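Trainee: Listed in order, the protein sequences are those of chains A and B.
Counting in the numbering used here, the first sequence runs from 4 upward without gaps.
Counting in the numbering used here, the second sequence runs from 180 upward without gaps.
In short, the hints are calculated from the structure, not lab data.
If you're wondering where the values come from, they're calculated on a predicted model, not measured in any experiment.
Some hints here could point you the wrong way.
30 Å max Cα-Cα, derived DSSO-like pairs, lysine-lysine [said to hold, decoys possible]:
no., chain 1, residue 1, chain 2, residue 2
1, B, Lys270, B, Lys201
2, B, Lys239, A, Lys136
3, B, Lys208, A, Lys77
4, B, Lys239, B, Lys358
5, B, Lys208, B, Lys328
6, B, Lys208, A, Lys136
7, B, Lys208, A, Lys132
Ranges between beta-carbon positions, derived for each pair [said to hold, decoys possible]:
no., chain 1, residue 1, chain 2, residue 2, range
8, A, Glu61, B, Pro207, 23 to 29 Å
9, B, Gln260, A, Pro134, 44 to 50 Å
10, A, Val156, B, Gly193, 41 to 47 Å
11, A, Pro134, B, Pro263, 41 to 47 Å
Which chain A residues face chain B? A few, computed with CB under 8 Å, are given here [unchecked claim]:
no., residue
12, Glu69
13, Leu82
14, Val83
15, Gln87
16, Asp95
17, Leu96
18, Leu100
19, Ile103
20, Asp123
21, Arg124
22, Gly126
23, Tyr128
24, Val152
25, Phe158
All residues carry an ideal CB built from backbone N, CA and C; glycine is no exception.
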Amino acid sequence: MRWLSLSRRALAPLAWLSRHGARALNAPTPRALGARRLFMASAIILFAAPALAVNPDEMLKDPAQEHRARELGKDLRCLVCQNQSIDDSDADLAKDLRVIVRERISAGDSDDQVRKFVVDRYGDYVLLKPPFKGTTLVLWVGPFVLFAVALAVVFGFYRRRAGAAAAPPPPPLSADEKRRLEKLLKETLPKEKGK
Amino acid sequence: MRRALFLLPVIVFGVMAALFVKGLTMDPKVIPSVLINRPVPEMSLAALPGRGENSGLATKDLKGRVSLVNIYGSWCIACVQEHPYLMEYKKQGIVPIHGIDWRDDPALGAAWLKKHGDPYERVGVDPAPGRAAVDFGVTGAPESFIVDKDGIIRYKHIGPISPEVWTKTLLPIIRELQK
């Protein structure tokens, strides 16, 4: 029976813990726990590396070429999930395009040639940054034109107001006008007082 | 002039609303193809197992008559939806239908045709990374291309073919090109 008493003594701290709860272990209060969780969650969100869909087996051996492929892939739209680039997308078609972009690079194509290869098949739509040309003129220049118009309107408004304020003061009243004014004031003021 | 200025916001709102309403009715998956009026891309695709050695699909097979090239795959769910119609159009014999088994295991592609019926005259396999499909500017399956007698792509339909699409859009184009 000796071992029993020994083990009971050994277990004493545990029993004490269970009585006094986790607080005895300097456990955070529920509020501190909430703050800690919030901190962890934001840390996870803030410091998470962007997950690329590029698989290791797709990568080119030459790091410089792989870097070019990444830069190209960033600007190529995945046609399946349309607001992701082919580098970000897990879609099969995006993978195919990544592989084909790398094939073109390995074959010695320049960046522009690779881009042209893809645009020849999928149109300008495949470029996440639309090219500057006739059909996209409104897209690129439109905002600046609108801004210029708005600026002109605001400028015109303030100039008109400033113009009104800076108008020359009216000429002083003549002796005759002053007399008429006095007369008018005398006629009207007592009446108003009477009311 | 002043009055016209007060109407301006109403007019701007009207124009914006009209644009947005139009935008709502458009399908963002339907991207205009740049391959329209361009020759069929250069390709020479292997045949499906069990369909005969000479039944693959190459660029030269698409010359001489109007044809319909249909992108499918055994993994493609919408293809099951359009397939009975393709079978029906094959029976009508208006236009030869060719298939491209895209991103697929050829054995699965062949088994799929055994199960659902085989409407195709020729079928080429285009395993990943689907080079032929990329050359065609394919964005998903099913997709169908109308190719004219000279091997020039004249129309692209994205998504499953329905009887409505067939009678209203595809058939008139095919008939026109067959003249």
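Trainee: Could you tell me which of the hints above the structure violates, numbers in ascending order?
Mentor: Hint check: 1, 2, 9, 10, 12, 15, 24 and 25 fail, others pass.
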